[in-house]
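There are 2 protein chains.
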Amino acid sequence: MQQYPSIVLENAVNEFAKLPGIGRKTALRLALFLLKQKDEDVELFGNTMIELKKSVHFCRTCHNISDFDECEICADPNRDKTTVCVVESIKDVMAIENTNAYKGVYHLLGGLISPMNGIGPNDLEIASLVERIANNEIKEIVLALNPNMEGDTTCFFIYRKLVDFDIKITTIARGVAIGDELEYADEITLGRSIINRINYSG
Amino acid sequence: MQQYPSIVLENAVNEFAKLPGIGRKTALRLALFLLKQKDEDVELFGNTMIELKKSVHFCRTCHNISDFDECEICADPNRDKTTVCVVESIKDVMAIENTNAYKGVYHLLGGLISPMNGIGPNDLEIASLVERIANNEIKEIVLALNPNMEGDTTCFFIYRKLVDFDIKITTIARGVAIGDELEYADEITLGRSIINRINYSG
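Residue numbers (numbering that gives the first Met the number 0), protein chains in the order written: chain A, 0 to 201; chain B, 0 to 201.
Honestly, the hints are just simulated from the structure, not real lab data. Treat the hints with caution; some may be incorrect.
Heads up, the list lumps identical chains together, so a pair's fine if it works in one copy or across two of them.
[What the hints assert, rightly or not] Taking lysine-lysine and the DSS-like style, the derived pairs with C-alpha atoms no more than 30 Å apart in a straight line are:
{"hint": "1", "residue 1": "Lys24", "residue 2": "Lys102"}
{"hint": "2", "residue 1": "Lys37", "residue 2": "Lys24"}
{"hint": "3", "residue 1": "Lys90", "residue 2": "Lys160"}
{"hint": "4", "residue 1": "Lys80", "residue 2": "Lys37"}
{"hint": "5", "residue 1": "Lys160", "residue 2": "Lys53"}
{"hint": "6", "residue 1": "Lys24", "residue 2": "Lys160"}
{"hint": "7", "residue 1": "Lys17", "residue 2": "Lys102"}
{"hint": "8", "residue 1": "Lys17", "residue 2": "Lys90"}
It should be emphasised that the depicted structure is a prediction, and the values quoted were computed from it without experimental measurement.
Generate coordinates for the entire structure from the input sequences, incorporating the hints supplied.
Here it is as structure tokens:
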């Protein structure tokens, strides 16, 4: 355990070290960096974080982060409200939005089913997804969850909940990434991309 | 440029991204982490940083970070006030303190002479070091700066400033680290450790 020469410095290091991926050495570097900044800049830093937590809203429809009760995507009249893409978190929304390839709306689960971490279906926005489908005219659900055990479990759970509705349930295509070389692709990905081969229209 | 769904989130990402070594992706991860924490925890985080800048003091003698006008080391009657170790920053003080091998006091320069970065001798606590030596009974100055161009330049500059005083000027030993193997040591380090060989008393 290192001895810090000042209690306020130690407090700052402790707070920084609570952040994910930041150890005590990095935390000290960040605290010393803040010490070198102007008073008003450090005040802005601290107040921005407090403000973030205080004034952020979550969209009442898709649970995305927003400045208002309804997010920009749900409020946009040009978006196709009959197609709902189910994602884990806001990072996935940002990634998909960056592609400019999707014109529907989203539904954020807030996580994935993970018994190892004590996260069950009731901790996620799955009930609200079922309710949303029951009460709105929705034609297609696109499951866009990460291709790992948690993602697959969650996909299957949602599929079972939705199978009785008269909607199309799809999932994003898995396959060899553009620019990747076949010989270096892993067997499962390459296998799936052969099984799910599509008509060549190029 | 990524589009953030909320202005308060974007502000928080911008603030985190100002920290050294933190890019925009990590900044987003940190901001989303804060969003998941309790209100009072985020408030504590923000206020701790503001408090750090507001209430930190610098020791009037050695310029170390402290909660008071005089740091714990300078205030300690058991420390040898006649030996002053000159270091770049508080991180070096913490590293040397952790060795439990030094019982003197410190003098923090606040940086190293670096013309590339526009840092000259007047930006550092060198004048105050000379004044400290002129006005106090100091027998030895230990130069403990990093062994690179900036460190060597700074050492030489300080040496020239102090050479007329009747004090011993030393520098920390360079050599092969304990646990290192000779065959893998770089030539300069190994060369210096041969030139500066010491009597074997083991």
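Lysine 160 and lysine 53: within-copy, between-copy, both or neither at 30 Å Cα: neither (34 Å within a copy, 54 Å between copies)
With 30 Å as the alpha-carbon cut-off, assign the pair lysine 24 and lysine 160 to within, between, both or neither. Intra 47 Å, inter 34 Å, cutoff 30 Å: neither.
Identical-chain pair category, lysine 90 with lysine 160, by Cα at 30 Å: within (25 Å within a copy, 56 Å between copies)
From the Cα coordinates, with 30 Å as the cut-off, is the pair lysine 17 and lysine 90 best called within, between, both, or neither? both (21 Å within a copy, 20 Å between copies)
For lysine 24 vs lysine 102, is the C-alpha pair at or below 30 Å within one copy, between two copies, both, or neither? between (44 Å within a copy, 24 Å between copies)
Taking 30 Å as the upper bound on the Cα-Cα distance, should lysine 80 and lysine 37 be classified as within, between, both, or neither? Answer is neither: 47 Å inside a copy and 33 Å across each miss the 30 Å cutoff.
Cα distance capped at 30 Å. Does lysine 17 pair with lysine 102 within a copy, between copies, both, or neither? Close neither inside one copy (38 Å) nor across copies (33 Å); limit 30 Å.
Within, between, both or neither, where lysine 37 and lysine 24 count as close if Cα-Cα is 30 Å or less: both (23 Å within a copy, 25 Å between copies)
Of the hints listed earlier, those the structure fails to meet are numbers 4, 5, 6 and 7, in rising order.
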